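Q: The primary structure of each chain is shown beneath.
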Amino acid sequence: MPLIPQPPSLPGGALLAQLHGINAEYGYLPEAELRNAANELQVPLSQLYSTASFYSAFSFEPRGRHTIHVCQGTACYIRGGDKILDKLESMLKVKAGETTDDQLFTLETVYCVGSCSMGPVIRVDGDTYGRLRPDRLSRILKKYQEQEV
Amino acid sequence: MKVRTHSDLETLRAKGISTLYPPRPKISVGMATCGRAAGATAVYDALRDEADARGLDLALVATGCIGYCQQEPLVDVRVPGQARVLYARVTPDRARELIAALATGELPAEGALAVIPDRNQVFQKKPGFLEGVPLLDELPFYSRQRKIILRNCGLIDPTSIEEYIARDGYQSLARALLELAPQEVIDEVLHSGLRGRGGAGFPTGRKWQICHDAPGQPKYVICNGDEGDPGAYMDRTVLESDPYSVIEGLTIAGYGIGAHQGYVYVRDEYPLAVERVTQAVARANELGLLGKDILGSGFDFNITIVRGAGAFVCGEETALISSIEGGLGEPRPRPPFPAISGLWGQPTVINNVKTLATVSAIISRGADWYASIGVEGNAGTVVFSLVGKVANTGLVEVPLGLTLREMIESIGGGGLDGKAVKAVQTGGPSGGCLPARLFDLPISYETLTEAGSIMGSGGMVVMDEDTCMVDVARYFLAFTMAESCGKCTPCREGTRYMHEILTRIVEGKGTPKDLELLEEIALWVKAASLCGLGQTAPNPVLSTLRYFRDEYEAHVTDKRCPAGVCRALIQLIIQPDLCTGCGLCQRECPVGAISGEKKEPHVINQELCMHCRICYDVCPVGAIEIVR
Numbered sequence: 001m002p003l004i005p006q007p008p009s010l011p012g013g014a015l016l017a018q019l020h021g022i023n024a025e026y027g028y029l030p031e032a033e034l035r036n037a038a039n040e041l042q043v044p045l046s047q048l049y050s051t052a053s054f055y056s057a058f059s060f061e062p063r064g065r066h067t068i069h070v071c072q073g074t075a076c077y078i079r080g081g082d083k084i085l086d087k088l089e090s091m092l093k094v095k096a097g098e099t100t101d102d103q104l105f106t107l108e109t110v111y112c113v114g115s116c117s118m119g120p121v122i123r124v125d126g127d128t129y130g131r132l133r134p135d136r137l138s139r140i141l142k143k144y145q146e147q148e149v
Numbered sequence: 150m151k152v153r154t155h156s157d158l159e160t161l162r163a164k165g166i167s168t169l170y171p172p173r174p175k176i177s178v179g180m181a182t183c184g185r186a187a188g189a190t191a192v193y194d195a196l197r198d199e200a201d202a203r204g205l206d207l208a209l210v211a212t213g214c215i216g217y218c219q220q221e222p223l224v225d226v227r228v229p230g231q232a233r234v235l236y237a238r239v240t241p242d243r244a245r246e247l248i249a250a251l252a253t254g255e256l257p258a259e260g261a262l263a264v265i266p267d268r269n270q271v272f273q274k275k276p277g278f279l280e281g282v283p284l285l286d287e288l289p290f291y292s293r294q295r296k297i298i299l300r301n302c303g304l305i306d307p308t309s310i311e312e313y314i315a316r317d318g319y320q321s322l323a324r325a326l327l328e329l330a331p332q333e334v335i336d337e338v339l340h341s342g343l344r345g346r347g348g349a350g351f352p353t354g355r356k357w358q359i360c361h362d363a364p365g366q367p368k369y370v371i372c373n374g375d376e377g378d379p380g381a382y383m384d385r386t387v388l389e390s391d392p393y394s395v396i397e398g399l400t401i402a403g404y405g406i407g408a409h410q411g412y413v414y415v416r417d418e419y420p421l422a423v424e425r426v427t428q429a430v431a432r433a434n435e436l437g438l439l440g441k442d443i444l445g446s447g448f449d450f451n452i453t454i455v456r457g458a459g460a461f462v463c464g465e466e467t468a469l470i471s472s473i474e475g476g477l478g479e480p481r482p483r484p485p486f487p488a489i490s491g492l493w494g495q496p497t498v499i500n501n502v503k504t505l506a507t508v509s510a511i512i513s514r515g516a517d518w519y520a521s522i523g524v525e526g527n528a529g530t531v532v533f534s535l536v537g538k539v540a541n542t543g544l545v546e547v548p549l550g551l552t553l554r555e556m557i558e559s560i561g562g563g564g565l566d567g568k569a570v571k572a573v574q575t576g577g578p579s580g581g582c583l584p585a586r587l588f589d590l591p592i593s594y595e596t597l598t599e600a601g602s603i604m605g606s607g608g609m610v611v612m613d614e615d616t617c618m619v620d621v622a623r624y625f626l627a628f629t630m631a632e633s634c635g636k637c638t639p640c641r642e643g644t645r646y647m648h649e650i651l652t653r654i655v656e657g658k659g660t661p662k663d664l665e666l667l668e669e670i671a672l673w674v675k676a677a678s679l680c681g682l683g684q685t686a687p688n689p690v691l692s693t694l695r696y697f698r699d700e701y702e703a704h705v706t707d708k709r710c711p712a713g714v715c716r717a718l719i720q721l722i723i724q725p726d727l728c729t730g731c732g733l734c735q736r737e738c739p740v741g742a743i744s745g746e747k748k749e750p751h752v753i754n755q756e757l758c759m760h761c762r763i764c765y766d767v768c769p770v771g772a773i774e775i776v777r
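As given, the protein sequences belong to chains A and B, one line each in that order.
Residue numbers for the first sequence follow the numbering used here, beginning at 1 and rising by one.
Residue numbers for the second sequence follow the numbering used here, beginning at 150 and rising by one.
Please note that a few of the clues may not be correct.
Between beta-carbon pairs, the in silico distance windows are [said to hold, decoys possible]:
(1) A:K143 / B:G254: 36 to 42 Å
(2) A:P11 / B:E756: 40 to 46 Å
(3) B:R481 / A:A96: 29 to 35 Å
(4) A:A96 / B:G741: 17 to 23 Å
(5) B:Q332 / A:P62: 30 to 36 Å
(6) B:R295 / A:E89: 25 to 31 Å
(7) B:R295 / A:A96: 25 to 31 Å
(8) B:E669 / A:D125: 43 to 49 Å
(9) A:Y26 / B:P367: 31 to 37 Å
(10) B:G771 / A:E31: 25 to 31 Å
(11) B:D242 / A:E31: 47 to 53 Å
(12) A:S46 / B:Q755: 25 to 31 Å
(13) A:F60 / B:A250: 52 to 58 Å
Everything labelled a hint here was simulated from the structure, so no lab data went into it.
Since this is a predicted model, take the numbers as computed values, not measurements.
For each residue, glycine too, the CB sits at the ideal point set by N, CA and C.
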């Protein structure tokens with residue numbers, strides 16, 4: 001018998017599925033929800049926290065209403081993905097990883113969304129936009145800004 | 150309904166044929182992620198609305214990706230009794246015109262890329278039918294391709310198991326379960342010569358045999374769909390466009406090794422793939438093609454889908470296992486290999502998406518058929534995502550043994566905008582950059598490794614004269630540094646140091662001594678890292694040092710970036726005699742460094758300029774010069 005009692009093993013993928021569920025509902029992982037999930041899954045909170053902090057899909061901070069992922073995959077990068085990021089940072093007045101003051105957008109980079117033939121590419125929430133040029137970005141942002149009005 | 154017999158499969162096949170080739174006009178829109186990124190959703194909506202407005206009775210289907218992404222949005226139109234006609238770069242306006250043409254019964258030749266003959270039908274293009282439009286296989290992009298893994302992609306409705314079955318789907322599973330013993334299934338895969346398409350190229354049959362022979366129950370099979378290499382999207386396409394081919398392959402693998410539980414681990418960045426596989430597993434369960442006593446054979450098999458959460462290292466098999474178990478996605482030393490001790494310490498086979506999609510083609514057609522494709526020791530086909538600075542981007546499946554030149558020049562159509570191709574990068578962050586003078590190399594696991602790159606899972610990024618190879622190396626090291634899980638020191642610290650040195654070099658602060666230091670650290674990281682991520686992370690550095698040392702030397706000695714990319718080493722100026730004063734660059738400059746009166750030459754404030762080159766890209770008259 002192990003000296004330190006081992007936590008019961010979970011069904012495959014159960015822990016990640018739980019974290020995805022919370023993330024889908026709140027857009028991030030609130031502490032109270034993590035505590036509930038730890039109780040529900042019968043795992044230590046520390047395990048949940050350490051797992052959640054390992055993966056880039058999860059955040060412990062509230063996010064903007066829309067998340068913009070700027071692809072920095074190889075094909076996007078060599079076709080100007082870095083300039084798309086520069087332009088968005090200047091338009092939104094935030095750096096990658098930050099949320100705009102009006103809480104509308106969170107700007108993130110991602111290493112490849114798998115639309116390499118369309119590079120450079122950004123993804124806003126579930127929508128992917130390809131064959132971008134910096135001068136096409138304002139029209140895309142406007143679409144989301146107008147939804148709020 | 151539960152599928153119990155061959156005749157049940159035939160019933161589904163008939164249903165699939167009736168939707169594949171309906172007695173009314175049918176329009177299929179390529180709506181995998183790449184198609185959507187090109188605007189396919191708006192095209193689909195326009196087709197639907199226009200058809201509704203005209204009261205036209207037609208079948209409108211969202212299909213997957215046919216591979217020629219350069220030409221997206223792609224729409225194919227089939228009039229009963231005729232071949233499918235594929236239209237390229239379709240806009241919503243163009244979509245409405247197509248509906249109007251369809252209403253008159255006459256398809257336009259304009260915008261038609263190719264004609265796709267219906268499968269299993271002897272097709273001869275009728276004289277006069279779309280004069281001058283080639284058959285799909287006659288296009289340079291397709292003529293050298295041989296589709297096995299991508300056999301259904303873009304041709305069927307990915308949500309229809311009936312259409313999958315109509316194109317010979319589940320014949321392999323039926324043969325395996327009803328005619329072959331598990332050992333015979335393994336032998337078939339072994340004799341086919343199939344090697345793991347995830348990149349390492351380990352013989353699939355041998356892996357299955359080891360797991361089959363390993364003591365211990367239960368056993369598990371896992372499909373690795375954690376395609377993390379930036380610049381690669383083969384697995385996404387297969388999962389989105391033909392999910393049943395993977396599920397069938399996984400079920401066969403389970404039967405071969407004696408596992409009753411399978412997992413499909415899909416990358417978080419691929420939401421549509423997750424959706425498609427989830428839907429396919431549910432449907433297969435409904436029909437009894439998963440679950441208890443499949444096809445009345447007594448074999449039980451279930452599949453659980455696990456969605457990753459954004460960690461590149463989870464593509465490494467031991468890290469992936471840990472991630473499924475609910476832990477951190479950290480690798481562990483091998484041996485023991487997962488085939489002996491994997492998920493929860495049990496014997497586990499992990500196969501790539503493309504490997505499993507191949508298995509579901511091999512069992513029904515036989516090992517000899519597969520072994521006859523490709524070259525000695527490298528049987529079969531591989532899929533590459535041909536992207537970057539190449540004229541024809543897309544997904545390409547070719548027999549092994551084709552040369553890089555055939556890939557890039559014949560299929561890819563050469564450089565983008567007619568520019569000279571300088572290098573090709575294969576294998577993602579684990580691979581290397583090969584120079585144009587090596588393009589006559591045939592593509593095989595061994596040749597690419599000897600040349601300093603790797604086959605990898607299939608990323609093939611073409612680079613031209615405007616790509617800086619030092620910056621590319623820095624880019625990859627930034628990637629591996631960020632994605633290193635941090636468990637072992639050589640990878641965690643080594644990638645950081647290499648990135649630091651490369652950053653110094655691209656900023657013009659490097660010295661010739663840095664090149665030696667870089668090489669030395671690279672060799673240490675390669676030798677001493679725990680898992681594949683660290684062991685291969687130096688490849689982009691070592692291969693560029695080997696083939697593009699002159700570019701490194703220009704950076705450290707002359708403080709010059711020959712490609713005009715590295716921001717600290719270039720200056721942007723507006724040539725007053727060319728500038729028309731249109732103001733576009735002024736509007737697009739992210740830092741407000743450009744000023745000037747309308748219709749007068751503009752100037753760039755060098756103090757403010759961040760050298761991003763957006764002005765260079767947007768200038769309609771080419772008035773911006775990069776001083777290097």
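Q: Is 52 to 58 Å right for how far apart the beta carbons of A:F60 and B:A250 are?
A: 55 Å Cβ-Cβ, so the 52 to 58 Å window holds.
Q: Taking 31 to 37 Å as the hint, is the beta-carbon distance of A:Y26 and B:P367 inside that range?
A: This hint holds: roughly 36 Å between Cβ atoms.
Q: Does the Cβ distance between A:P11 and B:E756 fall inside 40 to 46 Å?
A: With a Cβ separation near 60 Å, A:P11 and B:E756 fall outside 40 to 46 Å, so the hint is violated.
Q: Return holds or violated for the Cβ distance of B:R481 and A:A96 against the range 29 to 35 Å.
A: 32 Å, holds
Q: Are A:A96 and B:G741 spaced within 17 to 23 Å by their CB atoms?
A: 20 Å, holds
Q: Between the beta carbons of B:D242 and A:E31, is the distance compatible with 47 to 53 Å?
A: 51 Å, holds
Q: For the range 25 to 31 Å, tell me whether the beta carbons of A:S46 and B:Q755 fit it or not.
A: Violated: the Cβ-Cβ distance is about 52 Å, outside 25 to 31 Å.
Q: Using the Cβ atoms, figure out if B:R295 sits within 25 to 31 Å of A:A96.
A: For A:A96 against B:R295, whose Cβ atoms are near 42 Å apart, the range 25 to 31 Å is violated.
Q: Honestly, do B:G771 and A:E31 meet the 25 to 31 Å range at C-beta?
A: 55 Å, violated
Q: Okay, B:E669 versus A:D125 on CB: inside 43 to 49 Å?
A: At roughly 46 Å between Cβ atoms, A:D125 and B:E669 fall inside 43 to 49 Å, so the hint holds.
Q: A range of 36 to 42 Å was offered for this pair. Does it hold for the Cβ distance of A:K143 and B:G254?
A: Since A:K143 and B:G254 have Cβ atoms about 38 Å apart, the given range 36 to 42 Å holds.
Q: At the C-beta level, are B:R295 and A:E89 separated by a distance inside 25 to 31 Å?
A: 45 Å, violated
The structure shown violates the earlier hints numbered 2, 5, 6, 7, 10 and 12.
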